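Trainee: Please take these sequences and the hints and turn them into a complete structure.
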Amino acid sequence: MITRRKLIVLLPAAALAWKYVLAGTPETAPNYNRSEHWWGMLLDIDKCIGCGNCVRACSTENNVPDGYFRTWVERYHVAGWEQETPQVDSPSGGIKGFPPSRFEGGKNFFVPKMCNHCVDSPCTQVCPVGATLHTPDGVVLVDETYCLGCRYCIQACPYGCRFLHPTKHTAEKCSLCYHRITKGLTTACCENCPTGARQLADLKNPDDPIHEFLRTHSVQVLKPHLATGAKAYYHDLDGSVR
Amino acid sequence: MHLTKFKDAEHLVRLAGAFAIVLVLFLLIRAHFIPKSFGQYGHYRGNALAELSSKPVIYAGHNACEECHSDVLDVKKVGKHAGVNCEACHGPLAKHAEDPGSVVPQLPDTAVLCVRCHEENIAKPKGFPQVVGAQHSSGEVCKTCHQPHSPLLSPGEKKS
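Read top to bottom, the protein sequences are chains C and H. The numbering of the first sequence is the numbering used here, which starts it at 1 and goes up by one. The numbering of the second sequence is the numbering used here, which starts it at 1 and goes up by one.
Bear in mind the hints are in silico, worked out from the structure with no lab data behind them. Predicted, not measured: the structure shown is a model, and the values here were computed from it. Incorrect hints may have been included.
Said to hold, decoys possible - Dumping the calculated BS3-like pairs for lysine-lysine here, alpha-carbon to alpha-carbon at most 25 Å:
no.	chain 1	residue 1	chain 2	residue 2
1	H	K126	C	K107
2	C	K168	H	K55
3	C	K183	H	K126
4	C	K183	C	K204
5	C	K183	H	K55
6	H	K80	H	K143
7	H	K80	C	K96
8	C	K223	C	K107
9	H	K55	H	K80
10	C	K96	H	K143
11	H	K36	H	K77
12	H	K126	C	K96
13	H	K36	H	K7
14	C	K96	C	K107
15	C	K223	C	K204
16	H	K80	H	K126
17	H	K77	H	K126
Mentor: Laid out in structure tokens, this is it:
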């Protein structure tokens, strides 16, 4: 029999417990505070040699199926007068490097591509079930147990960074190696880039060299007119890059 | 009140009862299917973050390598390859870092390894050292002349 006295004790206790009922199982990375980080990446066009190390490393680290890419490298050729129509090739995403170019002269350079981890990401906005998510530390991820495979997000991404996994039939994308960066490691692509063309950046860490770099170098994001709040910062990006 | 007694009022009561039952059923089913952690950080399953960050690491990271192989680090850090991390050439070795005995890394073949980066390509940055592999060494593997951890030829040696 519940008396008024018991109810007065029970109600606050239930209210306190409710928080934990809603929370479910506790987190597994206890030393990592999500609110203390804000992740992005710096990609230096001047340093990329098109070796494909990043593509191979990403593939291995994240078990990316053959023929699909979470990151890839493009080779641009821009003749002086054709800024609007550059010649771009990316044989197998650059996973085996690049054969000699069929062009001579003009501007030639490599552009590593990946998810831009946008602040206002179009892919997260279109997901009908909340399977594509924006973490408190600024990473766009896919909850594959919740994804329906409807492909909305794949169409919504203006950077073409997503694909449907051929056997799981769920959306896949660069996770910024979330399983690594939450353990204090850098991403697989950054770890394996031999020239430092890729650098993981924590924009909330005042000691991160990214701040000095952004202050002193010309830096651009891809498709800035879309106002996606992209956090993949390209150094010395040519205007022809799409 | 006796004036406004609606004829067949029990129909409405029954309808309201049916609505109430459907509503309760809907709420119960909804509560059953929505994961407990949904909405913890945003419009998604909060536990997904912990699940995604608990995936296994394949590349150990250079700090793990340097704990044991400090002799290699001493050679490497003064050479041209100071910025190249171990696994960029030696491959993913997190298993070796966890238990050195279980996985013994294979020594990479410099004949195929070095040209991945150093084969000439028009799109590479101009200052980057590049060679035409086929002409550069007349068939000798790279490590005959260059030590991979510190690849510049020493001043006494002649460039071929």
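Trainee: Hints numbered earlier in the text: which of these fail when held up against the supplied structure?
Mentor: The structure conflicts with hints 3, 9, 11, 13, although it agrees with all the remaining ones.
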